[in-house]
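Each chain, letter by letter, is given below.
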Amino acid sequence: MSKLYKALFVLIFVIIVAAAGFTFTVKEGYSVIISRFGKIVNTHNDAGLYFKLPFPIDKVITYDTRNQYMDSGYNETLTNDKINIILQTYIVWRIADIQKFHTSIGSFNVAQRHLNDLAATAKNSVLGNYKLSSLVSTNIEEIKINEICQAIEEKTAQSALSNYGIEVQTLKIKRLALPEANIKSVFNQMIADRQKYVSQYIAEGERDAAIITGEADARAAEIYANGKLEASQIDAETERMVARIYGEAYDRNSRLFVFLKRLMALENSVNADTTIIMRANESPFDVITGSN
Amino acid sequence: MKNRVFIVFTQIMEYIIKYFKLTVCFAAVLILLSGVYRVESSQVAVVLRFGKLLGNTSEKQIKKPGLHFALPFFIDRVIKIPVHTVQEIEVTTHYKPQGSVVSSDIDRNGYVITGDKNVILIKAKIKYQINDPVRYMLFTNDAAKTVDGIISGELTCITSHSDVDSILTSGRAQLSSDVMQNSQNIIDGLKLGVLISGVELTEITAPGETIRYFEEVRNASIYKATGYQRAQEYASSRILGAEAAANVLKQTAISVQAEKLTKARGEMAEFYGLYDQYSRNPQIIMSGTFRQRVGAVVKKAGKSIVIPAGVEAPTFLLP
Numbered sequence: 001m002s003k004l005y006k007a008l009f010v011l012i013f014v015i016i017v018a019a020a021g022f023t024f025t026v027k028e029g030y031s032v033i034i035s036r037f038g039k040i041v042n043t044h045n046d047a048g049l050y051f052k053l054p055f056p057i058d059k060v061i062t063y064d065t066r067n068q069y070m071d072s073g074y075n076e077t078l079t080n081d082k083i084n085i086i087l088q089t090y091i092v093w094r095i096a097d098i099q100k101f102h103t104s105i106g107s108f109n110v111a112q113r114h115l116n117d118l119a120a121t122a123k124n125s126v127l128g129n130y131k132l133s134s135l136v137s138t139n140i141e142e143i144k145i146n147e148i149c150q151a152i153e154e155k156t157a158q159s160a161l162s163n164y165g166i167e168v169q170t171l172k173i174k175r176l177a178l179p180e181a182n183i184k185s186v187f188n189q190m191i192a193d194r195q196k197y198v199s200q201y202i203a204e205g206e207r208d209a210a211i212i213t214g215e216a217d218a219r220a221a222e223i224y225a226n227g228k229l230e231a232s233q234i235d236a237e238t239e240r241m242v243a244r245i246y247g248e249a250y251d252r253n254s255r256l257f258v259f260l261k262r263l264m265a266l267e268n269s270v271n272a273d274t275t276i277i278m279r280a281n282e283s284p285f286d287v288i289t290g291s292n
Numbered sequence: 001m002k003n004r005v006f007i008v009f010t011q012i013m014e015y016i017i018k019y020f021k022l023t024v025c026f027a028a029v030l031i032l033l034s035g036v037y038r039v040e041s042s043q044v045a046v047v048l049r050f051g052k053l054l055g056n057t058s059e060k061q062i063k064k065p066g067l068h069f070a071l072p073f074f075i076d077r078v079i080k081i082p083v084h085t086v087q088e089i090e091v092t093t094h095y096k097p098q099g100s101v102v103s104s105d106i107d108r109n110g111y112v113i114t115g116d117k118n119v120i121l122i123k124a125k126i127k128y129q130i131n132d133p134v135r136y137m138l139f140t141n142d143a144a145k146t147v148d149g150i151i152s153g154e155l156t157c158i159t160s161h162s163d164v165d166s167i168l169t170s171g172r173a174q175l176s177s178d179v180m181q182n183s184q185n186i187i188d189g190l191k192l193g194v195l196i197s198g199v200e201l202t203e204i205t206a207p208g209e210t211i212r213y214f215e216e217v218r219n220a221s222i223y224k225a226t227g228y229q230r231a232q233e234y235a236s237s238r239i240l241g242a243e244a245a246a247n248v249l250k251q252t253a254i255s256v257q258a259e260k261l262t263k264a265r266g267e268m269a270e271f272y273g274l275y276d277q278y279s280r281n282p283q284i285i286m287s288g289t290f291r292q293r294v295g296a297v298v299k300k301a302g303k304s305i306v307i308p309a310g311v312e313a314p315t316f317l318l319p
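Chains W and Y supply the protein sequences, listed in that same order.
All the letters of the first sequence, read from the start, carry residue numbers 1 to 292 under this note's numbering.
All the letters of the second sequence, read from the start, carry residue numbers 1 to 319 under this note's numbering.
Bound conformation, chain W alone:
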């Protein structure tokens, strides 16, 4: 019984040693180079389990072949119209030819340095063909950012692939900046623009207000004048109607009308302060004196 156990132990031990020494795995997104005494004997780009000779005969070198992101450095570049602009790009890249990458570079840091240099050279040569307005302009027709990015990308990608086995997935502008001397003049320009707006707004505000109040005054005067006109039309109508009423009566009997109107006028002209002097032999006091 114990012999069987011993055999089992030995078997498990052997399996573990064999698994550790003679196999290795390649994970998805990684590639592997097998170097035997320093010489590359095999590469594996597909994930899975593989055999190898144990250390120190075979050495397994793994590289991350996933998409990598990097920012390029800042390059001050002269445009076609002799204006300095600072350009930063970002690059998404991956190892495409693991063998070339391994022999020419062998490390990510060095790869990024080389890519940065390639991009800087490409930037300088491409931007020399374009004016600043290809990068910065309110006229969309003039903007050629995509064209510029593509040209830089193509130049960088060609060299990166043929020299280092690196595939540039994309290269685009991340930042545009101006040298310190230029930025001061941009600020001055910005301030001048703003001040122009301030005086423009104030002038416009005052002009608009003057127009509105002026129109309102004119309109109000017109409304009042119309009102006045209407009122005097009504007054005229009133006089006409009153005249007609009296006229009809006068036509009926002018003597009675005049008599009555005179009496009414008399009555209207008298108040509490009036003193009336009358003769006793005249109406109505003639009743007392019996003169009539």
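Just so you know, the hints here were simulated from the structure itself, not pulled from any lab data.
Take these hints with a grain of salt, some might be off.
Unchecked claim - Incomplete in silico selection of chain W near chain Y, CB under 7 Å:
(1) Ala7
(2) Val10
(3) Ala47
(4) Ile143
(5) Ala249
(6) Leu256
To be verified - With a Cα cut of at most 25 Å, we get these calculated DSS-like pairs of lysine-lysine:
(7) Y:Lys125 to Y:Lys145
(8) Y:Lys125 to W:Lys184
(9) W:Lys261 to Y:Lys145
Don't be surprised by glycine CBs; every beta carbon is placed ideally from N, CA and C.
Once you have looked at the hints, place chain Y on chain W.
What follows is chain Y alone, placed relative to chain W:
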């Protein structure tokens, strides 16, 4: 003492040998159970068998939430990916806190140049989700950093042909939607496995050196708006006042008309009342009316003096 330790050790070994089968079985069960895993509701999982992605189709590759079984840990490796969790990053490439000076050290400042050659600072908040877990997990090294770079780049490219006033005001929403759309196109081209669900421009401001002047413009524009408002208020009250005054004139004329007509009609009512009588006997009506009226006049007057017949009228000295 040493002896005692030895005795305990041999006893343990004896137990292990005695229960060897049981120990082996227990270890085997533990190893088997190491393959059981649970995928939470906000996640999916993929399994790497000896490093290779398990399954040929994406349906088989992606394990949905629930309990799953994989081979023991040294064969299968389970990677859980939070696909339903909204991830958030803040892009501050073009932003330095308000009031800061744009320094000569390009690495320490951040801004965009607008199409009309102004400099402004923009901060953005990006929300995204993983829409392709396999591409996201296995083929991209640092998706968050890549998204940050792409968004920064698109902010640069789009603002470089927009004018500063539109970015600061009405063009803000358009800028954010353009950045989102262009960035998503680049992300799709790179197959990052990421879907941007929102680009929020949390801060857009002028640099510290010029911010005072932008404030002044804002104040001037408020001045313009309030001046306009005040003028409108003046105009409406002025017109309403004029309408009211005109109406008063008209109403006065109407009421005067009514008054005069009433008076005239009243007077003439008396005329017509007398008229019938008068046509029969004019003398009586006239003298009767005369007396009645004069009586009323005398009554109304404060003072009346009657001079006897035949007496010469006295001379009155007016005060």
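Against which earlier hints does the structure fall short, listed by number upward?
When the structure is compared with the hints, numbers 1, 2, 8, 9 turn out to be violated.
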